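Going down the list, the sequences are from chains A and B. Sequential numbering from 1 applies to the first sequence in the working numbering. Sequential numbering from 1 applies to the second sequence in the working numbering.
To be clear, the hints were calculated from the coordinates, so they are not data collected in a lab. Hints may contain errors.
[To be verified] Distance windows between CB atoms, simulated: (1) A:Glu-120 <-> B:Val-254: 49 to 59 Å; (2) A:Ala-5 <-> B:Gln-75: 52 to 62 Å; (3) A:Ser-2 <-> B:Gln-140: 22 to 32 Å; (4) A:Glu-72 <-> B:Ser-31: 47 to 57 Å; (5) B:Glu-81 <-> A:Ser-148: 43 to 53 Å; (6) A:Ile-101 <-> B:Val-242: 47 to 57 Å; (7) A:Asp-95 <-> B:Val-71: 47 to 57 Å.
None of the values given here were measured: they were computed from a predicted structure. Just so you know, even glycine gets a beta-carbon here, dropped at the ideal spot from N, CA and C.
Chain by chain, the residues:
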Amino acid sequence: MSRTAVDLWVGFFVALGLAAIVFLALKVANQSSFRAAPSYEVQAYFSNIGGLKMRAPVKSAGVVVGRVTHIELDTDSYQAKVSMAIENRYQFSVDSSASIITSGLLGEQYVGIDVGAEEEMLEADDTIEFTSSALLLEKLIGQFGLNSASGSATPAPAAASGTGVGEGANRE
Amino acid sequence: MKFLLQAVEALGRQVTGRLILLGAICRFFISVVAMSAMCLRRPWLVVREIYFIGVLSLLIIMVSGLFVGLVLGLQMYDTLERFGSGDGVGMVVALALVRELGPVLSALLFSSRAGSAVTAEIGLMKATEQLTALEMMAIQPVARVIAPRFWAGVISLPLLNVIFCALGIWGGYLVAVQLLGVDAGTFWSQMQNAVDFHQDVMNGIIKSIIFAFAVSLIAVYEGYSAVPTAEGVSRATTRTVVVSALVVLALDFVLTAFMFRGF
Numbered sequence: 001m002s003r004t005a006v007d008l009w010v011g012f013f014v015a016l017g018l019a020a021i022v023f024l025a026l027k028v029a030n031q032s033s034f035r036a037a038p039s040y041e042v043q044a045y046f047s048n049i050g051g052l053k054m055r056a057p058v059k060s061a062g063v064v065v066g067r068v069t070h071i072e073l074d075t076d077s078y079q080a081k082v083s084m085a086i087e088n089r090y091q092f093s094v095d096s097s098a099s100i101i102t103s104g105l106l107g108e109q110y111v112g113i114d115v116g117a118e119e120e121m122l123e124a125d126d127t128i129e130f131t132s133s134a135l136l137l138e139k140l141i142g143q144f145g146l147n148s149a150s151g152s153a154t155p156a157p158a159a160a161s162g163t164g165v166g167e168g169a170n171r172e
Numbered sequence: 001m002k003f004l005l006q007a008v009e010a011l012g013r014q015v016t017g018r019l020i021l022l023g024a025i026c027r028f029f030i031s032v033v034a035m036s037a038m039c040l041r042r043p044w045l046v047v048r049e050i051y052f053i054g055v056l057s058l059l060i061i062m063v064s065g066l067f068v069g070l071v072l073g074l075q076m077y078d079t080l081e082r083f084g085s086g087d088g089v090g091m092v093v094a095l096a097l098v099r100e101l102g103p104v105l106s107a108l109l110f111s112s113r114a115g116s117a118v119t120a121e122i123g124l125m126k127a128t129e130q131l132t133a134l135e136m137m138a139i140q141p142v143a144r145v146i147a148p149r150f151w152a153g154v155i156s157l158p159l160l161n162v163i164f165c166a167l168g169i170w171g172g173y174l175v176a177v178q179l180l181g182v183d184a185g186t187f188w189s190q191m192q193n194a195v196d197f198h199q200d201v202m203n204g205i206i207k208s209i210i211f212a213f214a215v216s217l218i219a220v221y222e223g224y225s226a227v228p229t230a231e232g233v234s235r236a237t238t239r240t241v242v243v244s245a246l247v248v249l250a251l252d253f254v255l256t257a258f259m260f261r262g263f
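Pulled out of the complex, with its shape left as it was, chain A reads as follows (with noise of 0.2 Å):
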């Protein structure tokens, strides 16, 4: 086998591999999706998020208009502050209503927007004054088990304000 020969072979085997690498980073992990668009910050309190995560979602209508930014338990009010960065051609009126919705059964959180009816709109800094929580699958489950073993003689107060995960297996 020539020199130039194996040079070839070699430079086509590299080639191939820097290809790849590309492949891997452009169509696979998509590195160039991460684009910053102008966007404003708004917070949003919640009684409870369940399972929301940064880099979540913030979509109106179903259409992602920003991502979740920053979560943190405010020790004032005991309420979740959800910060959420919004691409700055989305304006959405002071009335909205922000929720916690689970797309599917199984899969994963992202903060829904519903937009109200006032003229006013939301501002860098603002506070989206309307939230309703996580819906909690364990909670739900937990009152149907409790409701169903005292044959429903009482609706079940604890499950509605309790802590959540596995209220309702302590409770068997």
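With the hints as your guide, set chain B onto chain A.
Then chain B, alone, in the frame of chain A:
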């Protein structure tokens, strides 16, 4: 009492024997790295070995990657569809390939395709006293024969790994989109949402580089320390494949525990 002593002594002999072997491999590794200057002065030596080790392994790596992707696509779609989430097949195939299957399977294939060949070649050189002849001519066999093969393996395996992953994902795409009718847009977007370049792709490549060092070192060490007879060479070749497989699988567990903990 005497029997007990003998048992303990046998255990101790086993442990010291393994430790001596480990030390010998480490010393060998250091001497290979120390004598790698010749590879830089004469890169042609390494390029030629990349041809024999990497380019000639391309076919088996590409075909295996493609078929692993095809099978993963079929199996994962079948299982995921039971939960009504067959759309996520692209995500599962890509994560499985990039994180685990790509690095591990390409290392296993590489050790049986190229590692065994390197061991047999070096072992035969030793059996036919070619290495001694090199020394007679004042040429270091480690620098002239061992180091180029070692570095060629270290360069080739990560490249083979990414080719394996890319073809596997393409195979998954063929099955899921073309055969089973998953929507192409959903397939790619689910994958792109789930796969992170640094966490998943880069960690897979780092794994592959570590496997490349381990497998190449085992291959050249087994060849260099083979008993210079026909039987010795055959034993060394077998040991290369077996030890490489065990080391790759054990290393993979340790690396995964460090890299993907907390996910």
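How the hints compare with the structure:
Roughly 58 Å separates the CB atoms of A:Glu-120 and B:Val-254, a value that falls within the hinted 49 to 59 Å. Checking the proposed 52 to 62 Å range against A:Ala-5 and B:Gln-75 shows it is violated: the Cβ atoms sit about 41 Å from each other. Separation of A:Ser-2 from B:Gln-140 is about 27 Å and conforms to the stated range, judged on CB atoms against 22 to 32 Å. Between A:Glu-72 and B:Ser-31 the C-beta distance comes to about 55 Å, which sits within the given range of 47 to 57 Å.
Checked against the hint of 43 to 53 Å, the pair B:Glu-81 and A:Ser-148 fails, with Cβ atoms roughly 32 Å apart. Checked against the hint of 47 to 57 Å, the pair A:Ile-101 and B:Val-242 passes, with Cβ atoms roughly 53 Å apart. Taking 47 to 57 Å as the suggested C-beta distance range, the pair A:Asp-95 and B:Val-71 conforms, at roughly 54 Å.
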